[in-house]
Amino acid sequence: QKEVEQNSGPLSVPEGAIASLNCTYSDRGSQSFFWYRQYSGKSPELIMSIYSNGDKEDGRFTAQLNKASQYVSLLIRDSQPSDSATYLCAVYTGGGADGLTFGKGTHLIIQP
Amino acid sequence: DGGITQSPKYLFRKEGQNVTLSCEQNLNHDAMYWYRQDPGQGLRLIYYSQIVNDFQKGDIAEGYSVSREKKESFPLTVTSAQKNPTAFYLCASSIGLANTEAFFGQGTRLTVV
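In order, the protein sequences belong to chains A and B.
Taking the working numbering, the leading residue of the first sequence gets 1, the next gets one more, and so forth.
Taking the working numbering, the leading residue of the second sequence gets 113, the next gets one more, and so forth.
In case anyone wonders, no lab produced these hints; they're calculated from the structure.
Quantities reported herein were computed from a predicted structural model and do not represent experimental measurements.
By construction, the Cβ of each residue, glycine as well, lies at the ideal position given by its N, Cα and C atoms.
Nothing false has been slipped in among the hints.
Footprint (simulated), chain A over chain B, 3 or more residues, beta carbon under 8 angstroms:
#	stretch
1	154-165
2	217-225
Cut-off 27 angstroms, straight-line C-alpha distance, at most; resulting in silico cross-link-like pairs (DSSO-like, lysine-lysine):
#	chain 1	residue 1	chain 2	residue 2
3	A	Lys42	B	Lys126
4	A	Lys67	A	Lys104
5	A	Lys104	B	Lys121
6	A	Lys2	A	Lys42
7	B	Lys169	A	Lys42
8	A	Lys2	A	Lys56
9	A	Lys42	B	Lys121
10	B	Lys169	A	Lys2
When you get a sec, could you build the whole thing from the sequences and use the hints?
Below, the structure written as structure tokens:
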């Protein structure tokens, strides 16, 4: 059974600080990793994808992947109140596997 | 504008009734997916399709059916066999099944009345 684990939160971070969101996955053969942002009542929006070990930066967002530890994280620098949302980690295993496996999400609150 | 359109946004179903949720994309994507989201839960895969006229069951396919007669369209039918259909239903598409980013429609919120 493929599993993707996230701390449900809420994670409360002061405005302007760095928010750190973590995700672990069970299938060592996982190939692709994604972070989605979901506002309450809305659909998920893709914000980052990462495929190889290391860091990937896009604006205020940095995704970090460590396949040996089966761990992927998302850092949000200079956090803004508009970053308050639920962040979903998604993993693609490949090898004929079906679609993405999602974690339950971390609820992030940025305090003004 | 390219994107994924789901309709309706809200849907009410009576006990024992079948309902069909629409999903259309103009992104020229080959792969399409249906997910279900319950409050406080992650997304669970219902069905997915890699190409026209082919689809596969996901983790929770019981009580649901799909068709893929056109590349652009992947409707989901929630049948009376689905005992707990109240949920947020999300359609997504990607260029292909492997290693590609999936993009979502705005979702359909289904409620049993």
